[in-house]
Amino acid sequence: MKHRAVALPGSKQSAAYVVIVACALMLAACAPAPKAPAKLAFVVEAWRTAVYQTEYMEECPDGIAIGNDEIWFDSLSPAEKDKWTTGGTQQVLDLPRRPQSYLRGPQQEDVCWSPTAVVDPPMRVVRGRYSYGMNLDGTTDGSPTPKSCAHGKFTDPDGKVAVDNQLYRLMGCVYGYRDKGYLEHHANRERQDESQGIILIDVDGVDDARNDPAVQVRFFLSATPLYFDTAGHIVPFSTYETVRGRFGDTVKGRIVEGVLETDPADVTLPVYGNDAAADMVFRDFRIRMEIAQDGTRAKGLWAGYQTVESFWDYIQKVQHNVPVGQYSCPAMYVAAHDLADGYPDPKTGECTALSSAFEFEAAAAFIKLPSGSPSDEERLAKQLTMAGR
Amino acid sequence: MPASTARRLAMLVAAAAFCIAACAPKEPQVRGNRPQLRLLTEDQYRNIIQDVFGPQIAIGGALDPILREEDLVAVSAGRATVSASGFEKFATLGEGIARQVVDPANRDLLIPCRPRRADARDDACAAETLGRVGKLLYRRPLSGAELQRAVETAGAGAARVGDFFEGLTYGLSLLLVSPHFLFIADSLRDEVSPPALTGYAKAARLSFFLWNTTPDEALIDAATRGELDDRSGLEREAERLLKSPRLVNGVRALFSDMLQFEKFVGLSKDTEIYPAFDPQVAQDAREQLLRTITWHLLDQDEDYRRLFDTRVTFMSSALGRIYRVPVEDTVGWSRYEFPAGDMRAGIQTLAGFVALHSHPGRSSPTIRGRAVRELLLCQKVPDPPANTDFSKFNEPAATNLPARDRLKVHSTDATCAGCHRLTDPIGFALENFDGAGQPRTRDQGAAIDASGALDGTEFTDVRGLSGALSEHPSIPACLVQRVTSYALAGTGESFDMPWANYLAEVFRRDGYRLRPLLASIVGSPNFYAVELPVVQTAAAEESHR
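For the record, the sequence lines run as chains X and S. The first sequence begins at 1 in this note's numbering and counts up one residue at a time. The second sequence begins at 1 in this note's numbering and counts up one residue at a time.
Only chain X is shown next, with the shape it has when bound in the complex (with noise of 0.2 Å):
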């Protein structure tokens, strides 16, 4: 059989057909091919909650919170105090004495597992005006939405972006979350020392690295080593494998002049840290992450409501730090409920999730991501961290 051409009326129209057929096939042959999507991935170096502080404390006029062991110390009489202190003057806190500190409950309960075992006086926290973060809810002044409860607002030290931030406001004048405390950098220590709970942020489908309208964002837990250069920084560019199954949420965002941000979601990430470790359950979490100019390092903040359940599983794994730490788990238990701000309870109207921000930092990376279909393991311990939530 044979083919016949088609044919076009008209001898002028069939000679701009060819033409116009041939322009696009030269335009189709010496365009340059579509570039392959890439990828950017990224590493946590170093992260913190976002703790916004001045010289003078003026965030806070309380003053720094009282901890379990002084709550517990004042408790003693003169002569049980004379045996926990040397010479009567300076207190020991060496690893007998912590204990008692916690396990200060009528029928001596561990308070940071039994909060409600004792009441302590309330927690001092945050009354300053200004604050790192981002706002969750929307609004200016904190009024309630259908996903958050009446609370009240922070300024960006900018003065520019109204921030909802509780957990600042929880943990702004615990002397260890704040810039010399203990338990954050030691948290820090811990995992970059052991290599555990370490965060890697996998960035898909990245046409340009400086400038991409759509880009999928997903967490995951290392399970490789980490490796430092001799000033102690995380050497770029290693190539990391991740923890099967158990984290990998994914997120949409977008890179716009090298600063990458993502559209709100459900996130999990680990947490390690002060020999614990645990899942941060966030809902709305975002992240805006700047990326150096010659993509080795970034930096930047991750927000959103963690849920209070999620936040007191660590804070209670880690009770045997509270002394250093200093701060009173009954009255903790007590303020994190009361300033929860996130994602009110359908039956009561509690909120249960607080604001929350933290800023880190990361260093280039690869990610090595699971092949194959996760083992029943593996989708087991997904689905208790979904259950967890």
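Just so you know, the hints here were simulated from the structure itself, not pulled from any lab data. Check before you lean on any hint, since a few could be wrong.
What the hints assert, rightly or not - Pairwise CB distance ranges (calculated):
1. D249(X) <-> R421(S): 34 to 40 Å
2. T271(S) <-> W113(X): 43 to 49 Å
3. G341(S) <-> T296(X): 20 to 26 Å
4. E350(X) <-> Q280(S): 51 to 57 Å
5. V312(S) <-> W113(X): 56 to 62 Å
6. T296(X) <-> H359(S): 34 to 40 Å
7. D275(X) <-> G54(S): 55 to 61 Å
8. T86(X) <-> Q280(S): 42 to 48 Å
9. V312(S) <-> T296(X): 26 to 32 Å
10. Q50(S) <-> D249(X): 47 to 53 Å
11. A277(X) <-> V331(S): 19 to 25 Å
Cβ atoms here follow ideal geometry from the backbone N, Cα and C, with glycine treated the same way.
Using the hints, position chain S against chain X.
Leaving out everything else, chain S in the frame of chain X:
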């Protein structure tokens, strides 16, 4: 087919075969090297200890390095001596090895007999142990006197301290510091003229060339039976060694020597400038080069010239940080192929090569160009004249310039230009790799111009250099020259050049593959040839007058 046609065809085939045979290059006979005593290199020492006693024996400390006086350490080893402190190191290492051998954790495996009493001398067991070990260390069976001395040393020690195994350490230590172990001797057969190597010396030559270690028991036994004194026996053993997986050790040693990898020891970079470059990177960079070389030349049996434009290599986690690429295996090694069109193509673009030939804090087009000339093309680049004014490069303003601008004086100053036009245009093409071997597109803020030239071939970037190198006629010729010198531990300037030229033609004919080249060398009488030095007697000198 008619019989007449078949006959004609057969004659044609025969004629063609004759023609090919006649046209094939004829192998020249060389005079051979003078018999030598070659000091074991540290790698050879370590390989021998591992082969004789097993990998569980730790060899702590380092030996005195053999000073590289020629292009190859293998040549320098023939002139090396052992200093007093060097001997002390051999003694210390030897004693440490002996103690591990008799350690209760190892003795059941490494000592072939049990003494009748552990607290007394047992000459029979000592003789069995020392005889077996000594044969592998001396690369021949011990003579009766040698064995007797070792057994007596062990026995006297055992009697003195009341411990057979303690005494055995003395006997083993004696063997481990003996010159018969530490020096590879070209021993000659007594009864033949012209002079010829003994079977044991041939075995050692074969084994150290192909395996970089002592002959195994089978090879020593073949020598004992006289099988290495005739060509068929020699060919049989050579073929066995060539087919062994241990050939990779020999090839690694050859290229480590040719490419001067001893410089990796202590290679370090300014950690302020190159924080990712640490001792692990240096170690892995060397290993990457060796894995790339042996994979292509042995595992794939490829054309040697492909080493200079290949995109296939092997990657470790530490190197992934330098190359800024993901690695498949985060704890070991995995095969890695750079994408088509990548700047990394050929061993000269791998981090090990470019970092080794750089300054601690910056790259060096001159050093890199010189390394390509001298190590890969066997072309000698003269040292700078003694009166060179280096201040032109050391001014603070100059150090902040991109390399091409900083080195402009190399082409404008007539004193410098003569040599630097040989090196710098090669090195400029490698400027997309910084002093640690990491990729870069800018130097001191300026976009890198990686154009260059190699012997008339101009290129715009390193990919052009890879192509020019892989097609350069001196690339295969240089390898043959180095392998020949390495095989004979000779300088390559006099006695072996005709043979090297012949081997170069054979190498070309065989598709520039290393295995056939090695087979041609060990299958040739030239490999085993020796010549005694002419002794000028007084009478001869008188008659000469």
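Comparing the hints with the structure gives:
1. At about 59 Å, the beta-carbon gap between D249(X) and R421(S) misses the expected band of 34 to 40 Å.
2. At roughly 46 Å, the beta-carbon separation of T271(S) and W113(X) lies within the given 43 to 49 Å, and the hint holds.
3. A hinted range of 20 to 26 Å for the beta carbons of G341(S) and T296(X) is consistent with their spacing of about 24 Å.
4. At roughly 54 Å, the beta-carbon separation of E350(X) and Q280(S) lies within the given 51 to 57 Å, and the hint holds.
5. The supplied range of 56 to 62 Å is met by V312(S) and W113(X), whose beta-carbon atoms lie about 57 Å from each other.
6. Roughly 22 Å separates the CB atoms of T296(X) and H359(S), a value that falls outside the hinted 34 to 40 Å.
7. Under the hint 55 to 61 Å, the C-beta atoms of D275(X) and G54(S), about 42 Å apart, miss the expected range.
8. Under the hint 42 to 48 Å, the C-beta atoms of T86(X) and Q280(S), about 46 Å apart, fit the expected range.
9. Under the hint 26 to 32 Å, the C-beta atoms of V312(S) and T296(X), about 27 Å apart, fit the expected range.
10. At roughly 50 Å, the beta carbons of Q50(S) and D249(X) sit within the given window of 47 to 53 Å.
11. Separation of A277(X) from V331(S) is about 23 Å and conforms to the stated range, judged on CB atoms against 19 to 25 Å.
The structure is inconsistent with the numbered hints 1, 6, 7, although it conforms to all the rest.
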